[in-house]
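**Student:** Residues per chain, in single letters:
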Amino acid sequence: MRIAGKGRIDRSAPVSFRFDGMQYKGFAGDTVASALLASGVRLMGRSFKYHRPRGVLTAGSEEPNALMTIGVGAAREPNVRATVQEIYEGLEARAQNAFPSLDFDLLAINDLASPFLSAGFYYKTFMWPRAFWERLYEPAIRRAAGLGALSGEADQDRYEKAFAFCDLLVIGAGPAGLMAALVAARSGADVILADEDAQMGGRLLSDTETVDGQDGADWAASVLEELKGMENVRLMSRTTVTGVYDQGTFGALERVSHHIARPDGRLPRETFWRIVAKRSILAAGALERPVAFQNNDRPGIMTAGAVRSYLNRWGVAPGKSVTLFANNDDAHRTALDLIAAGVHVTAVLDSRTDAQAQGDYRLIRGAQVCNSTGRKGLDAITYRTTSGEDKLSTDCLAMSGGWNPTVHLTCHMNGRPEWDESIASFVPRQDAIPDMTVAGAASGRFTLHGCLTSGADAARAALSALGMTVADIAVPQADDTPYAITPLWAVAGKGRAWLDFQNDVTVKDVKQAATENFRSVEHMKRYTTQGMATDQGKNSNVAALAVLADATGRGIPETGTTTFRPPYTPVTLAALGAGSRGKGFAPERHTTSHAASVAMGAPMIEAGLWYRPSYFPRKGETNWRQSCDREVGHVRNAVGVCDVSTLGKIDIQGADAAKLLDFAYTNMFSTLKVGRVRYGLMLREDGHVMDDGTTARLGETHFVMTTTTAAAGQVMRHLEFLTQAHHPEWDVRIMSVTEQWAQFAIAGPKSRDLVNGLVETPIDNDTWPFMACGPVRVAGIDARLFRISFSGEHAYELAVPARYGDALFRVLVKRAEALEGGAYGMEALNVLRIEKGHITHSEIHGRTTAFDVGMDRMISAKKDCIGKTMAAREGLVDDDRAQLVGLKPVGAIKKLTAGAHLYADASEAVPANDQGYVTSVAFSPAFGHYIGLGFVRGGAERHGDRLRFVDALRGIDTVVEVCSPVFLDPEGGRARG
Amino acid sequence: MADALTLTATTPCYGLLPKSIGTCDLIETNLGRLTSIAPYKQSALSEALKDAHRLAFPAPNRMTGNDGARAIWFGRDMALLVGPTPDAALAEHAALTDQTDAWACVTLSGEDAAAVLARLVPVDLSAAKFKRGHTARTQLGHLNASITRTEADSYLILVFRSMATTLVHDLVTAMESLAARR
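So the protein sequences, as listed, match chains A and B. Count the first sequence with the UniProt record's numbering and you get residues 1 to 977, in order. Count the second sequence with the UniProt record's numbering and you get residues 1 to 182, in order.
The following block holds chain A by itself, in its conformation from the complex (with noise of 0.2 Å):
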């Protein structure tokens, strides 16, 4: 019911909304929660193990009753909390966990058989079959005791995350919060103040505190407005700050769009923020805790606070005749403003006897609700005094038990919260979280003038710290009645009395868990689900310990508490992976040739984080092996092109360029030749190879190192470390080069006919031998040729400036089609080199040795190098090794793949018969079948031999029979021809 007058919602903007297919009527600031009260609406969802009716118990983040789906199709969200959502026109809003409908749901037939479900009661009864868990009792269970689903479709909204920094971070917006960010920013510090509430103000909007004698709304939007205009802050509404993490940083969830009606698509829903912060305050204020008693869950019964907060903020009554229930004086004030706003208050029940009323009301000392009856909803009330029980007829009870200051984000890095007396309540270690001072009610400050001064403090304190002079601000006048609470956790009696709403734990299954031995709070945690839901327990944790701590016999200090961890509240994991969503979670690397290889319809595959062709289909060309058959041909028979701009490419310099060389590589490279390319293996310290490829020498102090594609960042650190840290005084200094230059490799017989219609000075075999490199003029463009051979064909490979690199190609390709060769992609690339025996990842796959690969020769005797000694350990040059070999089909089945195994002919394939495996394969077109390359124990010397083949995967059992591993011209005549 919305009383006139009052509420801080804007009644000129009426907005429409659907609850469960009912149209709803609210205005612009509700929420979800305070729109429903308003028209009179209760019941607001089902409970997750019992089915119990439930509506709000709170007025914010913290609710564990009214969770909603919101939206429809695939963006819809569940599990918010009607107390955050705020409304907008044509919002969608659906009860949980209810079938068929939220009125009548069948599902309630849980609570009548609650006697049977208490905790503990799966552990116990579903043990037997085992098997019958995971199958039968799990779903099942699982689907008569939930929370809302999503859709099962891919969300396409957008997320994001980003990053910000300050001096200082201030979590709350409440009078501490206020305050603090006051001080420091008229103090000239970057101020970031974040709160999780549309509006900032924290308990200022819900209450009708006075500040310097000014209404505590007014007061606020005052500061806000003050704030607002400053460079150096920013206001972060509708931020929750979910986390604390190492170094000052924070994490904080940002709602962006779920309050607008129909977002900009561009517009993310939520962002991510990681905030860096200085120094930080917390005041996050404090949580207002409900009384255990039978049935104390129904809608209508909330907490004190809440009814205050739908009374003042949002202009609503949550009922025509309010009782309040509490053993505080502050819960007090709930009476009275009632009162002010003409709402019929029945009783104050008051559980302590010396309580005193502030004001005109009835007040029962002494009193406690033991009772309450209304199944969609509160109709009456039983309470108990000395003098025995009475009813009261009621549809809503504000309860109060006290509060308990939010410690949550102090606990993040383990620290504990301790016990204070006198307000019954944990408070946080002020030191719990390295540059954070905690302020306000979350520290334990339970009055407005208290809240306002320990802001005021904690930026002061944080401002000297940061080295900043404080500005000289006076702390307003405001209330400072000291709190007065005499706990009460549960009122006792029979009936389940709720601790947990959102995990339907009751004061009768912490009592269980105590009796069967779970007397540690973290068993007890875990026996009765208290505190794991998606509240974390913020309602419950504190009473359910107590309950805990009674039944054990110990204090409430030495029951401790549980360990609250990120996210304060719910973050959704699309917010965490914001910007990874299909191609975004690795960037792409496109070579120069990308436009031109997509347009003649190649398939790009990921080769790291290039995309690279693997074939070019021609016209009638049905699968991949008839292109690749075909591209294979042209580098044998004529010309082929192909990107190998991929390859790292690294400049090296200086005068101690080439002991650079020979200290990284283990052949010589200072006896390499100006205009000589060679061949280079390369060992990690351990003495494993860890990359192989060609240096140049292009000068006297000049080389370019090529890679692998896969290796080139490693090699490239590799190189970093060996200049950082093993010769830091010579001269020579690296750089890649890899982006710089487009570079191709033009293979087969027509190779140098094609480079000659290119260059301005024509070559021959004599001026241009295997193994030169130079300079020459393509075009009038300085270029790079190298004639190496990764085909085993007459090749050569040129480099340009990568900005010709697209219009290189695509004459190269022109070019070789005339010729009647054309592109080739990586098939085509890994047939060629496999047929020539030349080794790629697959086999220098990091276990394997120089030796192994048969390149041990390749250690020069006549200096050191990385991993020399440790390549000559006992073991990693045993003839017995796996060592390289080729593999040819010679069983019925003539298929060969990758990741064979290979055992002794006709033994069983089993690991203990293993005699090695296979690394690569590809269908040789030179040969008409199936070769391989893999590693065979002692192998170099078991040319001849057959093996049995068993790929388990695949299913494949055949016989192979080793061989050289070079398959096609062993002699190297057509490289060099």
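These aren't lab readings, by the way, just hints derived from the structure by calculation. Incorrect hints may appear among the rest.
[As the list claims (entries may be wrong)] Straight line, CA to CA, 35 Å or less: simulated DSBU-like cross-link-like pairs of lysine-lysine:
| hint | chain 1 | residue 1 | chain 2 | residue 2 |
| --- | --- | --- | --- | --- |
| 1 | B | Lys131 | A | Lys583 |
| 2 | A | Lys278 | B | Lys50 |
| 3 | B | Lys19 | A | Lys228 |
| 4 | B | Lys129 | A | Lys583 |
| 5 | B | Lys19 | A | Lys673 |
| 6 | A | Lys868 | B | Lys41 |
| 7 | A | Lys228 | B | Lys129 |
| 8 | A | Lys583 | B | Lys19 |
| 9 | A | Lys583 | A | Lys814 |
| 10 | A | Lys659 | B | Lys19 |
| 11 | B | Lys19 | A | Lys814 |
| 12 | A | Lys814 | A | Lys619 |
| 13 | A | Lys863 | B | Lys41 |
| 14 | B | Lys50 | A | Lys659 |
| 15 | B | Lys41 | A | Lys673 |
| 16 | B | Lys131 | A | Lys228 |
| 17 | A | Lys25 | A | Lys6 |
Following the hints, position chain B against chain A.
**Tutor:** Here is chain B on its own, set in the frame of chain A:
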């Protein structure tokens, strides 16, 4: 003999830029020649750089010079000479490597430029902390980047040429997000 042949140059962001979204503009910037300078002895190189190009060798996270010739700190013991062809005398004291084609160079400018970069860069690039002439080698999303503030609302961003598509995609997404908030 070579046939009459011309090769047309293509810029890294060809077909991707410019983009104007919200308050921000993203354009590809032709910086002229880019040369990495890795000195063997920094003091000697500094002198040579001063003599040849009237540029001081930049301190870490700083840029020296102006539009005509700039030196941007580019990592440990390294600067990027931006604009002129490097004087041959520099080669005596430093490894010079042509990087003109290696980097996609874009300029992001506009009122929201800092906020756009705050979506992608884990470094404080706000006007108060990252002033004109400040530079950083850092991450932009997944990309390794060099970011320099060239004007009050302008950043020069360099990433590997091969990553231009991802760079533009990431920046445009962030620009759209900021535009949608206005």
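**Student:** Any of the earlier hints contradicted here, and which numbers?
**Tutor:** 2, 5, 10
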